[in-house]
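Please assemble the complex out of the two chains, which come individually in their own frames, going by the hints.
The residues making up each chain are set out below.
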Amino acid sequence: NAGVTQTPKFQVLKTGQSMTLQCAQDMNHNSMYWYRQDPGMGLRLIYYSASEGTTDKGEVPNGYNVSRLNKREFSLRLESAAPSQTSVYFCASISGGWRIQETQYFGPGTRLLVL
Amino acid sequence: AQTVTQSQPEMSVQEAETVTLSCTYDTSESDYYLFWYKQPPSRQMILVIRQEAYKQQNATENRFSVNFQKAAKSFSLKISDSQLGDAAMYFCAYRSYNFGNEKLTFGTGTRLTIIP
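Just so you know, the sequences run in chain order A and B.
Here the first sequence is numbered in the working numbering, starting from 1 and rising by one per residue.
Here the second sequence is numbered in the working numbering, starting from 1001 and rising by one per residue.
For reference, chain B alone in the conformation it holds in the complex (with noise of 0.2 Å):
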């Protein structure tokens, strides 16, 4: 069975500054999707960012990137100029490749605050 750790319970930073929040995963596949999920005060699960396994290349989207090391089964996300409406948990997710398996195995979770 798959697993993922996020080793950080919380974590803050100031406005306009550079976090990085780590994930490792443990897994025997070679083939998977890993996620970002941030979950603000509201509850709402919304997806982050996302990475193929087969992908050497880091995914980014807008301010937030990764950094994938597969070799390691680590998978920080970094989020560059931090907002305020950046606060929230972030949880780590992994996805199996194959059908009719796509459910997600999520980390513990990153309490992240944003210092103003």
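The shape of chain A in the complex, shown without the other chains (with noise of 0.2 Å):
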């Protein structure tokens, strides 16, 4: 039970380039979320996805795309990255359900610098 997965740990791109980054949970959860952590910012929700085949915008959606591709995966993608989406990037998933005890699960993170 590896819990939450993220690819890459880490990478550089150049202002422009486009990459997806991926997620993935063998928990058999129904909600995933992508955040991104900035300095001084707290993590913010950039997209989440209820369950599979559904996506919703979160707090800083702008720049960005997602794919809930089936129950286990979540990816993100940078069309054309910039400058300002250089950050430290978390995907998170958690069960779901109406008043379940239990919280999100956090992937190690990908930090993502863009030049």
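Think of the hints as simulated: they come from the structure by calculation, not from any bench.
For every residue, glycine included, the Cβ atom is placed at its ideal position computed from N, Cα and C.
Be careful, since some hints might not be right.
[Unchecked claim] Some but not every residue of chain A turned toward chain B, in silico, with C-beta under 10 Å: (1) Tyr33; (2) Tyr35; (3) Met41; (4) Gly42; (5) Gly58; (6) Glu59; (7) Tyr64; (8) Gln104; (9) Phe106; (10) Gly109.
[Stated by the list, open to error] Have a look at the derived ranges for each label pair, beta carbon to beta carbon: (11) A:Asp38 / B:Thr1020: 24 to 30 Å; (12) B:Met1011 / A:Lys14: 36 to 42 Å; (13) B:Met1011 / A:Phe10: 27 to 33 Å; (14) B:Met1011 / A:Pro108: 24 to 30 Å; (15) A:Glu79 / B:Ser1080: 46 to 52 Å; (16) B:Ser1074 / A:Lys14: 23 to 29 Å; (17) B:Lys1055 / A:Met19: 42 to 48 Å; (18) A:Thr20 / B:Gln1069: 41 to 47 Å.
In structure tokens form, the structure reads like this:
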């Protein structure tokens, strides 16, 4: 049981390049999330998927797209990277459900540097 | 929309002493969850403690406990017998109770330093 995994761990991009951050969970969770963490800002929600086949915007969705490929996988795509997207990206998942007594599990993070 | 405020960007404590990290939040909901997460230099987000808003009893987990004041919308974390391994960023977070809305709203964090 690996929990939540993210690839790559670290990436350097040039402005205008595209890339996809991959996230997978093996806990049979329904809901998955992408956050970004910037210095002094805490974590902010980019996009989330409450169930397979659905996605919704979070607090800072501009410049990103997501795909919930199946129940396990939730990818984040940067179509044209900008220096403002330099950040650490976290994927998270949760079982979901009415008043479920648990919390989100986080991946180890992807550090992205856009030059 | 909910907001979470951590007013202490940095805190320090002597090893074996007790420290309290502050968190306030704003919400119009009556039922919700509150969390404290720890983020060591490895950047992994680790759940420290969780509190359900409908529970009056404060949550405890070994050396970690909270002081939950619902009317004041305050949720502080107390770390007793501080250890070197407690050094990390600590984030307070809010989550709605509503189904399909499990996203977390985070504060800006408090960096805790442990002095040997």
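**Asked** Would the stated hint for Gln104 of chain A survive a check requiring a Cβ distance to chain B of less than 10 Å?
**Response** At about 6 Å, which falls below the 10 Å cut-off, the nearest Cβ of chain B leaves the hint on Gln104 of chain A intact, so it holds.
**Item:** Status of the given 24 to 30 Å range, CB of Pro108 of chain A versus CB of Met1011 of chain B
**Value:** holds (25 Å)
**Asked** Is the shortest C-beta separation between Gly42 of chain A and chain B less than 10 Å?
**Response** It holds, given that the least Cβ distance between Gly42 of chain A and chain B is near 4 Å, below 10 Å.
**Request:** Tell me if Gly109 of chain A is really an interface residue toward chain B, meaning its C-beta lies closer than 10 Å to one of theirs.
**Result:** holds (5 Å)
**Message:** Take the shortest C-beta to C-beta distance between Tyr64 of chain A and chain B; is it under 10 Å?
**Reply:** violated (15 Å)
**Asked** Is it true that Glu79 of chain A and Ser1080 of chain B lie within 46 to 52 Å of each other by Cβ?
**Response** holds (49 Å)
**Interface hint status, Gly58 of chain A versus chain B (Cβ within 10 Å)** = holds (7 Å)
**Message:** Given the hint of 36 to 42 Å, is the C-beta distance from Met1011 of chain B to Lys14 of chain A inside that range or not?
**Reply:** Check passed, 39 Å falls within 36 to 42 Å.
**Asked** Would you say the C-beta atoms of Ser1074 of chain B and Lys14 of chain A sit inside 23 to 29 Å of each other?
**Response** The hinted range 23 to 29 Å is violated for Ser1074 of chain B and Lys14 of chain A, with Cβ atoms some 46 Å apart.
**Prompt:** So the hint says 27 to 33 Å: do the beta-carbon atoms of Met1011 of chain B and Phe10 of chain A match that?
**Reply:** Since Met1011 of chain B and Phe10 of chain A have Cβ atoms about 29 Å apart, the given range 27 to 33 Å holds.
**Prompt:** Can we keep the Tyr35 of chain A interface hint, with Cβ of chain B closer than 10 Å?
**Reply:** Result: holds, 8 Å to nearest chain B Cβ.
**Interface hint status, Glu59 of chain A versus chain B (Cβ within 10 Å)** = Constraint on Glu59 of chain A satisfied, holds at 8 Å.
Taken one by one, the earlier hints fail for this structure at numbers 7 and 16, listed in ascending order.
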